[in-house]
Amino acid sequence: FIPAGYRASLTGKCLPLDETLPDYLLKVLYSCDEPAAVRLDCVVSFETGTVSTFLLGEWSCVPGEAIIRTVQLNLPDWLVYQADGVVPDSDWVLSCILRALVRHDGLNDAEKFITAQDVAALQPKPFFSRPIKPHRLCSSWSRQMLQLTQQSLNRQCPFEQETVHLLSTIYASTGEIFGITKTLGPYRNKLLEFFRLKAVTFPWCRISIWIFVASHCRESLCGVFHHIDSHNEYVTPSLFLKNSGQLHIQISGEAEETSAFLSTFTVPLSEWCQLSLTLQGRTVSDVLLTKLRHTAMFDDTEGYFVIGGGKYVKGVEGYFGPVVYQRNKASPHSMVNSYSAVTEIVHSLYSLSLHKLSRAKNHAAVSKILPLLLQAGCLADNRALHMTSVLYSSGLGVQKQPAWLLALVAAQKDDRLALLHLGHLHHQGVDGFPADPDLAYAYYANIAKQTILDRQDPTPQQTFVEAVYLNDDETLKQQTSEDHHIFQWLKLQASRGAAEAEQAIARMLFWGQQGLSPNIQEAVKHYRRGAVQLEDPASMYDYGIILLLGQGVEQDVQKGVTFLKKAMEQGFVPAFNALAWYYEQYEQNYEQAVQLWEKADLLESPDAALNLGVIYLQGLYPRKPANQYVAYNYYLKSANRGHIRGGVLLADMWTTGIPGFVERRPSDAVLWVKWAADHNGYLGSVLRKALDSYLKGDIFSSLLFYTMAAESGYAPAQFNAAYLCEQNTGSFLDPAYATNCMWRYYNLTIQSQNFDTYACIKMGDLLYEGSDGKQKDSFSAAQMYKLAALRNNPQGWYNLGLLAEEGYKLPLSVLTELGLAELYLAEKYVCRDSDDTDSYLPCSLALFNVFLQSFDKQYIAADKVGVTCKCKNKNNRKIVM
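Per the numbering used here, the sequence shown starts with residue 4, numbered consecutively.
Everything labelled a hint here was simulated from the structure, so no lab data went into it. One should not assume that every hint holds.
Within a straight-line C-alpha distance of at most 16 angstroms, the following computed EDC-like cross-link-like pairs (lysine to aspartate or glutamate) qualify [unchecked claim]:
(1) Lys569 - Glu538
(2) Lys128 - Asp94
(3) Lys245 - Glu222
(4) Lys480 - Glu469
(5) Lys314 - Glu222
(6) Lys193 - Glu50
(7) Lys136 - Asp80
(8) Lys627 - Glu601
(9) Lys193 - Asp94
(10) Lys30 - Glu61
(11) Lys452 - Asp417
(12) Lys452 - Asp655
Start from the sequences and build out the full structure, keeping to the hints where you can.
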């Protein structure tokens with residue numbers, strides 16, 4: 004309805020479609036009977052659902068005949084041109100209209116005061132079809148460079164995880180609480196994020212899970228895939244396996260409504276099975292459609308997902324295959340008819356493998372075809388398994404040992420070294436396996452928890468983990484036995500009343516250190532002697548703990564407490580913590596316990612910080628509520644002080660995060676559980692066997708045991724395996740294998756946090772020599788030598804000097820990191836400040852040689868200049884010196 008006497012209309016083309024002009028002239032026809040105002044707006048709606056209105060012009064209307072006013076259409080640059088660093092970026096435009104309206108002069112914009120209006124549609128060009136604005140201004144050099152960057156000129160839509168591969172390989176689940184934790188973030192694209200938020204109350208997505216159940220669930224429910232929110236509650240979707248074999252599916256809604264139902268089928272044992280769960284609004288589909296009584300709620304950025312077992316439920320015993328989550332609207336699909344489709348896939352994989360093998364021209368192609376055979380074998384094709392075993396046994400184009408398959412089987416049975424091996428593969432991403440910190444964490448967390456339990460229950464099968472490098476002669480000399488002169492000398496000192504010697508003997512026997520086999524009963528005798536006869540506070544503490552826990556002796560709590568109190572009276576810090584633990588566990592006296600723990604914490608006790616964290620987490624601190632964040636800070640403190648359990652609990656918090664306080668840090672979490680896992684006593688036993696074999700001259704057995712530990716990701720073992728291959732004493736290894744062994748394990752060594760610089764030197768030598776068919780790579784060799792030099796290894800400086808001597812120009816990046824303008828300038832202090840006295844002379848001579856060569860080159864250049872000057876003088880040419 005438009006009142007009589009008021010009129011507003013837009014005439015002419017609004018905006019050319021072929022060419023957008025910033026100064027386009029728009030004609031507006033308007034009239035009014037009373038004084039009013041005319042307003043011209045541009046109304047833009049975006050694909051995100053938002054609408055923005057921009058004022059293009061406003062003027063007064065005088066009563067009278069209709070008037071045509073020409074207005075220059077000054078649209079925003081971001082609507083007309085591409086973003087180029089000057090023109091800002093914008094959201095994707097869905098529609099755009101021009102609106103002219105007449106309203107009473109002096110009134111606001113409320114609709115009831117609008118007396119006339121008209122609209123015209125604009126069709127702005129799609130973003131990538133828009134021109135670049137020819138700027139009429141003097142831009143700074145930096146802005147011009149910004150406009151020329153590929154980011155500005157070649158725009159691409161950012162990658163969005165609409166289909167998320169939560170697991171892309173096979174995970175061996177032991178049926179414990181060590182599952183794979185995953186989180187998702189919001190979309191970067193505003194339109195996708197708008198639709199995602201809109202779908203929270205009407206989810207439309209699908210989750211596909213491959214699972215191989217090895218045995219029935221031992222609990223009422225076992226975790227398959229579940230979602231935990233920030234309040235530690237199960238939310239949509241959560242899938243569990245019942246001991247009956249049926250799936251228990253749980254969907255949450257608004258107002259704490261929850262629906263749960265059982266599948267009509269049972270998951271088979273010892274067969275790969277694909278589970279597919281589809282959410283379509285109020286409908287949930289596994290095999291049969293289920294209608295919910297309430298609206299489903301699903302925010303996939305809330306909390307975290309767990310594949311397998313988690314903090315609140317144990318997992319399925321078996322294997323998990325690829326897990327795929329399709330975040331957007333699920334595509335239509337049909338149910339698999341029994342297992343016919345899977346069988347056809349298996350036969351196709353095997354046939355394709357045979358076809359590719361028949362066309363292969365050399366053994367190198369086998370390694371590329373092997374994944375097809377492995378996949379067919381995993382899907383129960385015995386022919387593929389047999390062919391794979393033949394390839395592995397013969398070593399035709401592949402390594403002989405099927406390490407991954409065997410490790411999966413062993414890890415599923417909770418084998419410690421297999422768990423370490425798989426954790427290492429997925430942590431470093433070696434041998435073509437995907438690097439996945441969440442998957443690596445699942446393996447490492449399992450062995451880390453076992454390490455804590457193993458250390459509380461020492462057995463003869465465990466040995467203390469010691470990082471012994473075979474090129475460290477001093478440490479090798481300290482290795483002993485009960486008949487060795489070092490051990491006999493310690494016994495003599497202990498008999499003369501040396502408390503430190505008594506402590507050393509007891510520790511070596513209790514944990515099996517420095518070459519001794521564990522002998523707890525004999526160790527207890529030395530702890531008792533140090534505590535009773537020598538009244539040594541450290542021995543009194545150790546003996547008190549042994550009595551308190553009953554390790555190697557009959558448990559006597561009160562006697563143990565007596566020795567702990569005596570140790571505390573002498574100021575022995577660990578005794579404070581032990582007594583606090585006694586007051587908490589045996590007397591439930593939390594006041595006394597936290598008082599002692601607070602004192603010990605001030606004295607840098609790692610145990611005290613750990614226990615205070617546990618007390619805060621459980622809400623047992625007197626007169627203080629439970630506080631997860633305070634507990635986190637104590638765990639962090641305990642871990643940094645070297646406490647294994649503190650590191651594990653810290654990693655547990657980092658893998659999920661604390662909403663509002665601590666962000667999720669999976670890459671850091673996996674480092675802590677790996678560090679804890681590397682202290683496992685069963686790994687220590689393998690290392691001890693390797694070292695004992697080496698000291699006895701059995702080099703092959705030593706290499707075998709070190710290789711076992713090296714494949715578990717333990718850096719010192721990787722170094723020692725490479726070192727034995729390098730030495731190749733008696734040529735017991737094929738030269739080609741020895742070279743490959745050096746390449747593999749020295750390279751793995753330098754990827755660890757605290758590597759031996761000798762590995763850098765050897766990797767540099769291998770790169771420089773270009774052995775085993777590889778091309779010589781002086782640049783990479785210089786990088787290796789640089790790493791060694793930065794860690795104060797004179798051999799690194801020496802080899803850099805040799806490279807320079809041979810005419811190789813060291814890259815500027817290398818010299819910059821070394822802090823040198825010229826390499827020979829380091830000679831004055833680098834060789835002198837090194838701890839390696841044996842390398843001082845050759846290091847200095849090499850660098851001095853570079854200095855002489857540089858001086859010689861400068862002298863020759865100066866001589867040439869002098870000759871040139873004489874020639875120019877003879878030709879009577881003017882020379883400016």
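Hint-by-hint comparison with the structure:
no.	hint	result
1	Lys569 - Glu538	9 angstroms, holds
2	Lys128 - Asp94	13 angstroms, holds
3	Lys245 - Glu222	8 angstroms, holds
4	Lys480 - Glu469	14 angstroms, holds
5	Lys314 - Glu222	15 angstroms, holds
6	Lys193 - Glu50	8 angstroms, holds
7	Lys136 - Asp80	8 angstroms, holds
8	Lys627 - Glu601	15 angstroms, holds
9	Lys193 - Asp94	8 angstroms, holds
10	Lys30 - Glu61	14 angstroms, holds
11	Lys452 - Asp417	12 angstroms, holds
12	Lys452 - Asp655	11 angstroms, holds
In the structure shown, no violation is registered for any of the earlier numbered hints.
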